[in-house]
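Chemist: From first to last, the protein sequence lines are chains A and B.
Here the first sequence is numbered in our numbering, starting from 1415 and rising by one per residue.
Here the second sequence is numbered in our numbering, starting from 340 and rising by one per residue.
Be a bit skeptical, because a hint or two may be false.
Here are the simulated DMTMM-like cross-link-like pairs (lysine to aspartate or glutamate), alpha carbons at most 25 Å apart as the crow flies [as the list claims (entries may be wrong)]:
| no. | chain 1 | residue 1 | chain 2 | residue 2 |
| --- | --- | --- | --- | --- |
| 1 | B | Lys-654 | B | Asp-508 |
| 2 | A | Lys-1828 | B | Glu-476 |
| 3 | A | Lys-1915 | B | Glu-369 |
| 4 | A | Lys-2019 | B | Glu-368 |
| 5 | A | Lys-2190 | B | Glu-703 |
Source of the hints: derived by calculation from the structure; they are not laboratory data.
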Amino acid sequence: MKFLHTLTKGGLLAALLLLSGFAMAQRTVTGTVTDAETGDALIGASVSVVGTTRGAATDINGAYRIEVPAGSTQIRFAYTGYAEQVITLGASNTVDVSMKSSSVLDEVVVIGYGAVKKSDATGAVSSVTEKNFNRNAVAPEQLIQGRAAGVVVTNNSGEPGAGINIRIRGTSSVYGSNNPLFVVDGVPLGGGETSGGTDVRGLGRQTVRNPLNFLNPNDIASIDILKDASATAIYGSRGANGVVIITTKSGQSGKGVLEYGYTLGIGQLANKYDLLDARTFLAEWQKLNPGANPSEVNYGGDTDWQEEITQTAMSHSHNLSFGAGGQNGDYRFSLGYLDQDGLILESGIRRLSGRFNGSKKFWDDRLKISTNVTISQTRDFGAPITENVGYEGDAWANALKGNPTWPTRTADGKVFQSGLVGEPSPLAMIELSEDRTNGLRALGNMNAELEITKNLTFKTVLGGDRSISSRKSAYSRDLVAGNAIGGKGRLNVVDVEYGSKLWENYFTYTKTFGSVDFTGLLGYSYQQFEYAGKTNAYSKFSTSELELMINNTATAGVSAIVNSYRSVDELQSYFGRVNFGIKDKYLLTATVRADGSTRFGGDNKYGYFPSAAFKWRITNEEFCPDLFSDLGLRLGYGVTGNQEIGHNLYLSRQRFSDGGIDDGGNAFTGSQGNVAFENPGLKWETTAQINVGLDWGFWNSRLSGSIDYYKKNTTDMLVRVLAAQPAPNEFVWENLDADIENTGVELSLNLAAIDKEKFDWRILGNVAFNSNKVKKFASFLNTGEINGQGLTGAYAQRIAQDQSLFAYFVRDFAGYDSEGIAQYANGLDAQVFVDKSPLPKMTLGITNQFQFGNLDVSIFFTGQYGHYIYNNTANALFTAGALGAGRNVTADVPGSGESRNNAPDVSTRFLEKGDFMRLQDLTIGYNLPLKSKNISGLRIFVSGQNLMLFTDYSGLDPEVNVNKALNGIPSAGIDYNAYPRARNISIGANVTF
Amino acid sequence: MKNSKFFYLLPLFVLGMLAFQACTDLEVEETDSVFTPVTGNTFAGNATNLLAAAYNDLNSVSDQANIYSLYEHTSDEMIPPTRGTDWGDNGIWRTLHAHTWDASHAYVLSSWNQLNSRVFRCNQVLASTSPAPTAQETAEAKFLRAYYMYQVMDLWGKVPFRNVNEGVDVNPRVLTRAEAFAFIEQDLLDALPALPVTGPGGDVTKASRAACNTLLARLYLNKAVYTAANPAGPYNFDPADMDKVIAACDAVIADGFTLEPDYFNNFLTGATNELIFTCNGNGGSPQNRVHMTLHYDNNPSGWNGFTTLADFYNKFEDGDQRKGKPAKRDSTRFSGLAFGFLVGQQYDDSNRVIINSRNGLPLEFTPDVPLTGANTAQGIRVLKYHPEELNGNVDDTEYTKYILFRLGDVITMKAEAQLRKGATGDAEATIDALRTVRGVGTLAPLTLEKMLDERGREMYWEGVRRIDQIRFGTWTSTWSNKTSTDPTRVLFPIPQQALDSNPNLRQNDGY
């Protein structure tokens, strides 16, 4: 309420009105903007008066008209894909400009509360624009996977809408989210989940959805990634993991454009496990069970369960947009619809999204009001695939371990079930369960930018974000699986609400003093985050009908209120930045942000995050050889923070713990308990980062690129550690006296290999090396929970001094003895560090773009190297003991020498190299030459994703990260029944009117 | 010109004031929890709610892991065989049985955390102010604190302690075993007069005078262990302490408890005669006791886990009620299951031979079982909480509560105390009276060895075997698949992470 109160104090509007009267003497400049090579008019090119915020855009004929205030002498012309030009005005009021296709250098990068030319950027920033986005993305993160050096995007699984991990320059934090801060059109998003996970007893946790699914990738114009601390410090306490700034498309072109695009996608299982067929299975089972009657495990069928529960995943994507841009305003409206099936039967995602972006200028273009609004509805249909299921297995595990002699259906057409609690039929799990998540999210902002004087502008931004999600997860009582479901049925309903409000104000002052260009920024920001939710559980249903269970919950004999919660956090910040450009050679940037947060108590409510950076544009020195079209050296240092921990963990407070329903179907209630210790000393995690970078361009920028070295040191690590007992809780949040160090080198290259009018070949490459180490940590934390039969309590990772984060800590497997019992170098129950890490040491991406007249081809490879994957799937399922007990296994299990009585303990036996190279994207597009008056462009394309995968990993895909957190400590790089990934072919067309 | 400058500055000033005015003082507000500040040695908690929570905490002992596993798998009456791919569980079970656990054992850690944090929550009940505990609530909280602290003292031999006003920066002080003994004794003696007298059929899910006396009897019976110079002995049992045991046991009996004529009725719904103190069933029931031992192909389907050892099974004579009761096999639900020890060929509810789905052979439980490499049928299963009524006629919510204290325990403790103070005749009379009800004859002449065996027969799988074996000095002997005779194993190690978190703690000898 304070927020609204302050807003309505009323002064703002009055002040704006006051300022409207200052018109000054000015001149009007007109002209046309054309392409230097073809002479074609450039529509929608941006024209602005240097040193002011005045701007205009060219119309359909490439013509513009702009008012130039007295005292201004320069006009800047910019157009995406063309080199920016600044023209100094002479006497003439007509300025015609012909623009040349640009190299990367002249692109503008968004840096938070502003934008700079890439060549002026002092920090390490990667910018990916629409042209280089990955195709067929469901979520925005997928657009940039492999496209930016040092930005590792990992799809947790192949499930549509599944969570995505994004790590910028390594993993710098144990806890909290290591994901970067996302800023969408100026509105920073909250770091929490916006949909619920559910946990059905016995069948494990079902994953939460990617909170960014609500953004339609087709609405995104560019994604800028701020990597080093000198760039991210402007976001202070949220900057330590990098900042991803998403800018959505705005209206362009004077005439107005109507666009429609349709894509049809066809996905198929990219890779299958080589499992035993029914006949081999029976024969091999018999070998392990001499004297037994094979009819005991022979149900007479011959089923390939991987085929039976998967489907050809069709996807349809429609995108319609129209918009226009002009001298004093622009707008764009878009509507998107996505209907994507998952590979597993009955799973998929549907999204309907709408967006409006618009701006309008008033008062002789001195006031610009803009708005960006999106509203989106997502419906997720989940498969019963979970992260930590035990011996019963989830739907995918049962497709792998399910007895191949099971038929799919009984004679009367019902789905077949073996009747064994621990051996559910995968098809029954799918057909006798339902998992739906409906989410509605709206994100928008309205901002006003006022030019107070020609040097000084003021911008105010009001932002809002609201999300409502409801997940219903039902298992029919007919399903024989686990003790909690059979005969009882189970329904969990999880509702999650998220909201955030933002108010930001900042002044920008730009002035040239002699040979010094100065820009100063001073601002204030307030953001409030609200998370709320509730969970109910139901059991002992009198019906087997899933729809009735969900929509008529009174059919449940037992219901339990699990719990509800609500928390509100506030973040209040003051920030400033100064940029000096001296003789266009020396660029200096300094920023500071003070963040105050309700997440921290006592003396540490406010944290201060300074940074400084310097760039020397050597190209502009006399001595620089002409060979270089660009040469710049960057040096930056900054301090950023991480505040992603739970709400108010510093004041002693109590609430009732969760109730629920136990395996027997009995409801139990929660009881009053402690939330946290009194812990006033709790404070930010702090990351200091130094960055040295070199940007270069040769031969008129035909070969350009940059190389960066960085070293990040995270201190005051926020970790949930075991409390010194006796204590209110088992765990307590502390700032550990331990460091995490990330060092690395990033290289990106951009080569115009052939640059002819009819044939153009460009190569874009990036490679990044990262090394991660934990220092000064006196204790240890176990994580990487390993699940499966006989694996309760097992774990595979430990965080400890002088190891990388999440380093593997396992038994050292030394083969089998003569009896087929596993031997371990350090003894049966001794786990040790084996000098292997799940964090990639090297990541790379290579794009080849060809253009032959109207035909274009783009080929994109991406890879990760130097890391290891723990194959929990094989550990849990593919062992002699599993085969002996009547479960299916991969073809390499018989004859491996393992005894059926061997216990497959966690060991290096299941630790595998995760190196891979993937042909991620191949797109062939053709722009039809049209002579139509009504259609200005028609592009058709065919594109394939995940076409080839080069890896030695024995699982389905080494790009995997199933959440195997233990006691809340996250894990990395563990594969456990991960939802399989598709090979996808899509065809589509975009038409522009 | 002056004026225009002024006009620039005024709105700037106004804007600046507005733009940078703080929206918030960052004072956090809570709507889903209550602040419970600590002032002095008081705590703004709700004593009634917190006491209810302390009772709920008892339910977790029905879990097959954690605290229960430390008391049972380490003893000679239970073994957790690794069966091929099953029950390896990172060695967590077999290291308990073989006495090869170390300071990183997960259940040693989780039990340490559970028990100690419960002690702290009892401190919070006692220090609560809104409302403060009544005299009876204070007594109940002291009893529960003693119950939890007793286990910390028993398992680790030292007890860390934190007052409610000692915050996150304070390292808890550490009580020696003898200090902890005195602390626990004082809590129980303080509690005793203010606790209600609850006889059979009363609300035995709440602390009562009988429950308090039972714990006092256990405390005094083991005093020699807890106050010994060397935790591994020798132990000197003071006759005065034995008199205290006898007095406490007599006080329990005087509250009206009687032996159940049918031993296994104790573990069914509706039992009252012997039950002194039970869990309240809110979040825990004896279900795990059923699943943890039964084979997959039994009905109900189990997890095919724990069994007893052949040597232990052989301590029972035929005719002993406690050895078991045959299955009815009358086609009613779960009637295929016998009571007590499940040995030999298994049948389903309709009297058909069960085939082991894991190897296609008839399912026959055999007495001998190795610790590793066992097959799925090896080992005698133990079923005290028979699921006869689970999912049957009676609603699940009425499923019997997990038993913490039972009269059979009290009577055997009394006999042992009589024996230890030299009143062998009294001891024989006490124990024979119990044995008569259980359907077996006299144990005279009674010896300590026979006494331990009798404790085993009465109390098997009820969580006291570790304590008994240590007190009787058989803990360091060997048994099937347990060759270690290391005397330092009478105590568990302080978990490594607990040592890291509190510099006042010192590791126990031998680790």
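Chemist: If you test the structure against every hint from before, which numbers come out violated?
Modeler: Violated hints (numbers, rising): 1, 2, 5; every other hint is consistent with the structure.
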